[in-house]
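Participant: Chains as they are written, first to last, in my numbering: chain A, 1 to 366; chain B, 1001 to 1366.
The set of hints was computed from the structure by calculation and includes no laboratory data. None of these values were measured; they are calculated from a predicted model. Fair warning: there could be bad hints in the mix.
Examples of chain A residues lying across from chain B (beta carbon under 8 angstroms, computed) [stated by the list, open to error]:
| id | residue |
| --- | --- |
| 1 | Q24 |
| 2 | H33 |
| 3 | D247 |
In silico contact screen, one side only, chain A against chain B (beta carbon under 10 angstroms); selected entries [stated by the list, open to error]:
| id | residue |
| --- | --- |
| 4 | N87 |
| 5 | L89 |
| 6 | N109 |
| 7 | A118 |
| 8 | E119 |
| 9 | V257 |
| 10 | E315 |
| 11 | I331 |
| 12 | C348 |
Computed far set for chain B versus chain A, every beta-carbon distance over 10 angstroms [to be verified]:
| id | residue |
| --- | --- |
| 13 | K1025 |
| 14 | E1060 |
| 15 | Y1200 |
| 16 | S1322 |
Glycine is no exception: its CB is placed at the ideal position from the N, C-alpha and C atoms.
There are 2 protein chains.
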Amino acid sequence: MSYLDQITSPTLLLDERICRINLQKMAEKAKRHGLNLVPHFKTAQSHIVGEWAKEYGIKEITVSSIKMAEYFCGQGWENIHIAFPFNPLETKKLNDLAKNQSISVQLINEEVTKKLAAELEFPVGFFIEIDAGYGRTGVEVSDFGMIESIMRAAKVSGKLKFKGFYLHAGHTYYEPDKNAVYEQTRAALSMLKNKYITEYPQLITRTGDTPGCSVMEDFGDIDEIGPGNFVFFDMMQVNLGSCKMDDIAVALAVPVVDIKKDKKEILVHGGGVHLSKDVLTELDGSKNFGEVVYLKENGWEIPLQRSYLKSISQEHGIIKASDDLLSKVKIGDILGILPIHSCMTADCMGSYLGINGQQIDHAEGD
Amino acid sequence: MSYLDQITSPTLLLDERICRINLQKMAEKAKRHGLNLVPHFKTAQSHIVGEWAKEYGIKEITVSSIKMAEYFCGQGWENIHIAFPFNPLETKKLNDLAKNQSISVQLINEEVTKKLAAELEFPVGFFIEIDAGYGRTGVEVSDFGMIESIMRAAKVSGKLKFKGFYLHAGHTYYEPDKNAVYEQTRAALSMLKNKYITEYPQLITRTGDTPGCSVMEDFGDIDEIGPGNFVFFDMMQVNLGSCKMDDIAVALAVPVVDIKKDKKEILVHGGGVHLSKDVLTELDGSKNFGEVVYLKENGWEIPLQRSYLKSISQEHGIIKASDDLLSKVKIGDILGILPIHSCMTADCMGSYLGINGQQIDHAEGD
């Protein structure tokens, strides 16, 4: 039975073949540059995708919350890194986790470091998150006072082990001069490594964004990369030049419920609760909530004439349809939508259907 | 134990008192205007909120998918209306549902009507959805050919019973001249009622948007209203003038993980996977992803000096903080965020915590 026969409502499809190519390419790139690849599993949030990743030599993963770390605990990962400034209200949960699983956390201030130093019951590693220009989170790269106060506060405890510096250069998503961002990342991490390596000879540096890791060819003396989105990619990454549309490994299958030929519009069941509301703005100012692909027995095909979701509400999606699509489509058909932001779409949907008909797990939300 | 002691991670709070006031006010308004209130439960998606609604005389509800109808089936509702153009791939599911629960659906084309007429095993009501200017979905108000072809196709079956016309005037959300939209809604439904009432003496008309139902005082000869968002309201509705901030019944509780006093910014665990990415653009062009409230033992307080989420990513939220908030806040505190779009936030979160500490159910997503 084709996977298509299983679909009656919005369903997130995952093409294992494409996902494995993405994992393999990034693993090979990491190897070529002497980097340890520690992918961020906030994107896939899946044990099955985790098993695929292990086949490409991946031994450690990154997640973005304690809850997600709990999901991946006990699956044989050598370490799970929680790449979010540690939330001190979750200290008990961290102790419960760290009893049976090697965990590292991210620290950006003295208060939380002191609390962990006082209350940890099992060894936990930590990275200091560095902000070298993104401005979202982290210790400013030149704030050595803060960096050293965190290091000192941690030293009080035998349980809290400094691993190194973590830098998520999220501004690769909007900064036009991406090379400047890469240079900033390399320089920041290199400077910090040189400054503290004598005191911490095991110190490692890690950087994490998919646009950077996909395109950068000079990683300087960076030790590890932790991109997430690359396992699936999405239209935002196509737009950024990180990948091609062929590299996108997930598509939302949506049932066609109405067709307005005169307006060249197709109404589908598929909206914000399925895709999330991430959007690309086209050059002409129009909005794009996802790109239409044609579903086939063995996956999907990117049409020559493009069609796309021009608007969505909670459950509704309206496709601006090409003549080619209009000439073929019928009510009751199922179309595919390549998402704008696959991490959010996967989180909204909460599970995947493989194009071989296999159910693929995704962690529960929040 | 306070509800606050239960929170260690992002948690959606629901204030039963405010929610009941919203239900009561809308029920009283419906009564005053001789309207039947059939609220849209895509917002709350909750049996417990359903029980509250029953106390204000509500006997029927609206939902937006078969899956949501399944959730509410068997809870004593006199009818559940699925206010989404019927997806013909779900005909079997509809038959399963309609065996034990009075159901109505929405039809907008002849193809799906014919399919249902041929395949229904149990009686199901239907509304014809009308588009009087919103442009998202429905038969154009003047397309009598289509309206009558749907009526004719339905008549072939003894199972498919025409109930009337449904009109969701979603353009009240962005149209500056809201009175013109209300007039358009009243006129469209009145014209259709007059045209078809002789043939269908039981015919009813229903309209559904929260901005309209909150503000309109002249409903003409409309029979039923089906607003959804009003049970919780949100910042978008405040912005539209449908309610005041005091009327918002849900707030996302978010842990404070870092404070940058110099930048007047507070980093919280609370992002797009919790709130959704709906956003308001302020007059000065800045973005608002949610409004900060102070959590108290018995609910929340709207501060005199406003603070708001200026940016969010998947898990991170950055608050632009007032001096008042900065003077009080500590890492490890919990703040409240009034969402921009409560339907989406509730769908992202998947459950509620009452401020009396009660766990409140929400249907599973998608």
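Participant: Using Cβ atoms and 10 angstroms as the threshold, tell me whether E1060/B really stays out of contact range of chain A.
Facilitator: With a cut-off of 10 angstroms, E1060/B remains clear of chain A, as the shortest Cβ separation is near 20 angstroms.
Participant: A closest beta-carbon separation below 10 angstroms is what the hint needs, so does E315/A meet it against chain B?
Facilitator: holds (5 angstroms)
Participant: Can we keep the Q24/A interface hint, with Cβ of chain B closer than 8 angstroms?
Facilitator: At 25 angstroms from the nearest chain B Cβ, Q24/A fails the 8 angstroms test, so the hint is violated.
Participant: Let me know if the C-beta of H33/A comes in closer than 8 angstroms to any C-beta of chain B, holds or violated.
Facilitator: violated (26 angstroms)
Participant: Could you check if N109/A really has its C-beta closer than 10 angstroms to a C-beta on chain B?
Facilitator: At 6 angstroms from the nearest chain B Cβ, N109/A passes the 10 angstroms test, so the hint holds.
Participant: When the nearest CB of chain B is found for A118/A, is that gap smaller than 10 angstroms?
Facilitator: A118/A check fails; min Cβ-Cβ to chain B is 13 angstroms, beyond 10 angstroms.
Participant: Would the least Cβ to Cβ distance between S1322/B and chain A come out above 10 angstroms?
Facilitator: Given a closest Cβ separation of 20 angstroms, the condition holds.
Participant: Mind checking the CB of I331/A against every CB in chain B and telling me if the closest is under 10 angstroms?
Facilitator: holds (5 angstroms)
Participant: Should the interface hint for V257/A be scored as holding, given a Cβ-Cβ cut-off of 10 angstroms against chain B?
Facilitator: Because about 4 angstroms separates V257/A from the closest Cβ in chain B, which is inside the 10 angstroms limit, the hint holds.
Participant: Can we keep the E119/A interface hint, with Cβ of chain B closer than 10 angstroms?
Facilitator: violated (12 angstroms)
Participant: If I take the minimum Cβ distance from Y1200/B to any residue of chain A, is it greater than 10 angstroms?
Facilitator: holds (23 angstroms)
Participant: May I ask you to test the interface hint for N87/A with respect to chain B, counting a Cβ-Cβ separation under 10 angstroms as satisfied?
Facilitator: holds (5 angstroms)
Comparing the model with each earlier hint shows violations of hints 1, 2, 3, 7 and 8; every other hint is respected.
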